[in-house]
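Visitor: Hints given; two lone chains; assemble the complex.
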Amino acid sequence: MSKHQEVKTQASVANTGKAGVRYRQKALESFYEGFRAAGIDFAVFLPDSMLDGVEQLMIERGGIDTYQCSREDEGVAMAMGAFLVGKRPVALMEGSGIGMSALILARGIVQKTPTMLIIGHNSTLGERYDYHGATRLVAEPVLRALDIPHHVLFDPGDIRTVIVEAQATIEGQRLPFGVLVPSHVIREIGENR
Amino acid sequence: MNRTDVLRHITSLRNGDPMIISPGLANYAIAEADEPLTIYNMDMPYATPMALGMALGWSTRRVISIEGDGSLLAGPGVLSTIARYQPKNLLIFVFDNGAYLTTGSGKAPTATVFGTDIEQLGRAAGLKNTRTVHDLDAAKSAVSAAFTEPGPWLVVAKIDKQDRPTERRPHSLPMYVYEAGLIFHRAVLQERSAKK
Numbered sequence: 001m002s003k004h005q006e007v008k009t010q011a012s013v014a015n016t017g018k019a020g021v022r023y024r025q026k027a028l029e030s031f032y033e034g035f036r037a038a039g040i041d042f043a044v045f046l047p048d049s050m051l052d053g054v055e056q057l058m059i060e061r062g063g064i065d066t067y068q069c070s071r072e073d074e075g076v077a078m079a080m081g082a083f084l085v086g087k088r089p090v091a092l093m094e095g096s097g098i099g100m101s102a103l104i105l106a107r108g109i110v111q112k113t114p115t116m117l118i119i120g121h122n123s124t125l126g127e128r129y130d131y132h133g134a135t136r137l138v139a140e141p142v143l144r145a146l147d148i149p150h151h152v153l154f155d156p157g158d159i160r161t162v163i164v165e166a167q168a169t170i171e172g173q174r175l176p177f178g179v180l181v182p183s184h185v186i187r188e189i190g191e192n193r
Numbered sequence: 001m002n003r004t005d006v007l008r009h010i011t012s013l014r015n016g017d018p019m020i021i022s023p024g025l026a027n028y029a030i031a032e033a034d035e036p037l038t039i040y041n042m043d044m045p046y047a048t049p050m051a052l053g054m055a056l057g058w059s060t061r062r063v064i065s066i067e068g069d070g071s072l073l074a075g076p077g078v079l080s081t082i083a084r085y086q087p088k089n090l091l092i093f094v095f096d097n098g099a100y101l102t103t104g105s106g107k108a109p110t111a112t113v114f115g116t117d118i119e120q121l122g123r124a125a126g127l128k129n130t131r132t133v134h135d136l137d138a139a140k141s142a143v144s145a146a147f148t149e150p151g152p153w154l155v156v157a158k159i160d161k162q163d164r165p166t167e168r169r170p171h172s173l174p175m176y177v178y179e180a181g182l183i184f185h186r187a188v189l190q191e192r193s194a195k196k
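So the sequence lines, in the order shown, correspond to chains A and B.
In case it helps, the numbering used here puts the first sequence at residues 1 to 193.
In case it helps, the numbering used here puts the second sequence at residues 1 to 196.
Okay, chain B solo, but in the shape it has when bound (with noise of 0.2 Å):
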């Protein structure tokens, strides 16, 4: 299975809900919608716990993180947080491809090559809506389940590392990690104020 097809998914109904992306090369993919509510590239391993943040803040929007198997890896004790707080609101797609891709040779296997299923640590953290996929239909399945349904979600698609580019990528996010908190918060507060 193909990163970006359910990365393309996975905007096709996103709607402008804020995303936080962990570091890795998804950040590419989901520049292409170019988001004003996205924080790219946050440092390991706190996509989640920000995206977490954002959900109980903000509890009438869907918020989403997408997590890479290393970076969840890094930091899982905040599944039992979400666990202890059930936003319903919160959506986690990790993307495991069993390696840090972006490190390197990109050769070094995560421990999911070992046994480790970030799915079953969801479940005994507390998650109860969690889902691994394996192929492109079931993860366009599961992800719709997560955008339509309550959560909160974690689905785990399990990738292919085919998607490792041979030559460096350029610097084409929108916007610059420095720029980022001021444009996601300016965009954020616009939003809440036309509502009242």
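Pulled out of the complex, with its shape left as it was, chain A reads as follows (with noise of 0.2 Å):
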């Protein structure tokens, strides 16, 4: 676990979330492992409802230095520094984020300082709630609008290849690269829900 992180961590990560729902402790696994394979070594997130599973496994097992941020944007901003100084950073946030996040996406782009992004909700499926449409409407549209490579996950079995292979990109074009995460891959979610 990171020297810096005070995050306390819980015993079974797939019995955490809101009440009702349970995370696939299968998806989790896979995303952890992603990251190790593709020598992520440093992550920031801002804890979102979607992904919590995902950082508090992360915390759990280490090998990442994981922390945590106040705002969105400024977590891609630490990503990116990550980056700079030789680290392979990935940052983990609500779809919302990536609308707080445009500037520093672009200036990303342009100066050539990548990271990856994954992203909780999307713009088509399993969005349930009223209160993620403003969600739903940015993440996918900035991304498009600074093309910005992305993929939309839909089954659990290709996150760690997704993940690999969105590091090759990074590294190779030196360009962010979206990895959105709808409900369903990472939740056991029955369909009436």
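Keep in mind the hints are simulated off the structure, nothing from the lab.
Since the structure is predicted, the reported quantities are computational estimates derived from the model, not experimental observations.
Do not rely on the hints blindly, as some may be mistaken.
DEER-style ranges, computed between Cβ atoms [said to hold, decoys possible]: (1) Gln173(A) / Val177(B): 43 to 49 Å; (2) Val113(B) / Tyr131(A): 21 to 27 Å; (3) Thr116(B) / Leu137(A): 32 to 38 Å; (4) Asn15(B) / Ala106(A): 49 to 55 Å; (5) Ser105(B) / Glu188(A): 25 to 31 Å; (6) Gln190(B) / Ala145(A): 47 to 53 Å; (7) Ala145(A) / Val113(B): 46 to 52 Å; (8) Pro149(A) / Thr116(B): 27 to 33 Å; (9) Ser59(B) / Thr169(A): 26 to 32 Å; (10) Asp158(A) / Val113(B): 50 to 56 Å; (11) Asn2(B) / Leu137(A): 43 to 49 Å; (12) Leu13(B) / Gln25(A): 36 to 42 Å; (13) Glu188(A) / Val113(B): 51 to 57 Å.
Residues on chain A that point at chain B, a partial pick, calculated with CB under 7 Å [as the list claims (entries may be wrong)]: (14) Gly39; (15) Phe42; (16) Cys69; (17) Arg71; (18) Glu74; (19) Met78; (20) Met80; (21) Val85; (22) Gly86; (23) Lys87; (24) Ile104; (25) Arg107; (26) Gln111; (27) Thr113; (28) Ile189.
The C-beta atom is built at its ideal place from N, Cα and C for all residues, glycine as well.
Guide: Written out as structure tokens, the structure is:
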């Protein structure tokens, strides 16, 4: 665990989250394994309900220096700073955070300072709640507007490969890369929810 | 107090340390040294957040953020993140002239004119090593302390507005923004691999 990390972890990450919602433990493991396989060694996140299980697992398992920020665009800038000093960073956030981060992502493109982005929510699948309406509207359109390569996960079995190949694009093209995570990929959700 | 005098003291102690500079006139004074580990004209308010990522990612190297009052006030939440992790190698120097000096007439005041105290923002966030300095001797003393004692440091220098140029400055910085990431990153990798 990072020496900076003071966030308390929980014994079973799969049991965290909103009442009645369980994470897919295998999906959480796949994110962690993908990060490790891709050489990710620096993570920054703003807590969100969709990706909390991944973030807590990273803290629990260690091996990746993991930090919490106070705003998503601040976190993206931190990740880019880490890249500049030789780290392989990832920034995790809810989709709304991409809306906050348009300027710093643009700066990263211009000065060739990339980071991986793991993004909770997407534009089309599983957006059940009205209060995610604005979140749903900003993430993918901002990525498209900035011509940032991105991929919407569908099958949890793809997580590890997508992360490893996304990092290859990040390093080969020196561009940020967004991986969007619909709810069904990471949570056990019944059809009636 | 003149901004350039303080910056010259900082650059005399810098020893090639990584540095990120927010938009404004400080860029031109620092550019005289032409150090490769420099990011010029970082978009507001990202100089300090990016410097924080560097400091956390390279704990054996001092990392410096050069801020203006306007740019720090655009994203003060980062002070709480710095306080959370307390990176000993992070130095933040804020040049507070009470104005958005490089914009238009340069007359638009920042909130510090009306009582907002950047040092106290830092202290309220949880930073312990903070100073506000009003003259050059005090500034040199605070800067020297920041370079020799563990941080994180927040030094707020109250400077005058007399260095606003009367004519448009030429683009004389030693690198373009679109080169900056490549030059910086390459220099870091060379330095880090040489030390292995």
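Visitor: Now tell me, hint by hint, if it's right for this structure.
Guide: Okay, the hints, checked on the actual structure:
In this structure the hint that Gln173(A) and Val177(B) lie 43 to 49 Å apart at CB is violated, the actual value being about 18 Å. Between Val113(B) and Tyr131(A) the C-beta distance comes to about 38 Å, which lies outside the given range of 21 to 27 Å. Checking the proposed 32 to 38 Å range against Thr116(B) and Leu137(A) shows it holds: the Cβ atoms sit about 34 Å from each other. For Asn15(B) and Ala106(A), the hinted distance range of 49 to 55 Å is not satisfied, since their beta carbons lie about 32 Å from each other.
For the hinted restraint 25 to 31 Å between Ser105(B) and Glu188(A), the CB-CB distance of approximately 59 Å leaves it violated. Checked against the given bound of 47 to 53 Å, the beta carbons of Gln190(B) and Ala145(A), roughly 35 Å apart, lie outside it. With their beta carbons about 36 Å apart, Ala145(A) and Val113(B) fall outside the hinted range of 46 to 52 Å. For Pro149(A) paired with Thr116(B), a C-beta distance near 41 Å fails the hint of 27 to 33 Å.
The hint said 26 to 32 Å for the Cβ distance between Ser59(B) and Thr169(A), and at roughly 29 Å that hint holds. Between Asp158(A) and Val113(B), the C-beta spacing of about 54 Å keeps the proposed range 50 to 56 Å intact. In this structure the hint that Asn2(B) and Leu137(A) lie 43 to 49 Å apart at CB holds, the actual value being about 48 Å. Range check, Leu13(B) to Gln25(A): Cβ separation about 51 Å, and the 36 to 42 Å hint is violated.
Separation of Glu188(A) from Val113(B) is about 55 Å and conforms to the stated range, judged on CB atoms against 51 to 57 Å. Because the closest C-beta pair between Gly39(A) and chain B is about 14 Å apart, greater than 7 Å, the hint is violated. For the restraint placing Phe42(A) at the interface with chain B, the shortest Cβ-Cβ distance is roughly 6 Å, inside the 7 Å limit, so the hint holds. The closest approach between the C-beta of Cys69(A) and any C-beta of chain B is roughly 5 Å, which is under the 7 Å cut-off, so the hint is satisfied.
For Arg71(A), the suggested interface contact is upheld, since its CB lies about 5 Å from the closest CB of chain B, less than 7 Å. This hint holds: Glu74(A) has a C-beta 4 Å from the nearest C-beta of chain B, less than the 7 Å allowed. Interface restraint check for Met78(A): the shortest CB-CB distance to chain B comes to about 3 Å, inside 7 Å, so the restraint holds. With 7 Å as the threshold, the beta carbon of Met80(A) comes within range of chain B, its nearest partner Cβ sitting at about 6 Å, so the hint holds.
Checking Val85(A) against chain B: minimum C-beta separation of about 4 Å stays under 7 Å; hint holds. A distance limit of 7 Å between C-beta atoms decides the matter here; for Gly86(A) the minimum to chain B is near 5 Å, and the interface restraint holds. A least Cβ separation of about 4 Å between Lys87(A) and chain B falls short of the 7 Å threshold, and the interface hint therefore holds. Proximity of Ile104(A) to chain B holds as hinted, the smallest CB-CB distance being about 5 Å (cut-off 7 Å).
Taking 7 Å as the C-beta contact cut-off toward chain B, the hint placing Arg107(A) at the interface holds, the least distance being around 5 Å. At about 4 Å, the closest approach between the beta carbon of Gln111(A) and any beta carbon in chain B falls short of 7 Å, and the interface hint on this residue holds. Checking Thr113(A) against chain B by beta carbon gives a least distance of about 4 Å; that is within 7 Å, so the hint holds. With 7 Å as the threshold, the beta carbon of Ile189(A) stays out of range of chain B, its nearest partner Cβ sitting at about 32 Å, so the hint is violated.
Checked against the numbered hints given earlier, the structure breaks hints 1, 2, 4, 5, 6, 7, 8, 12, 14, 28 and satisfies all the rest.
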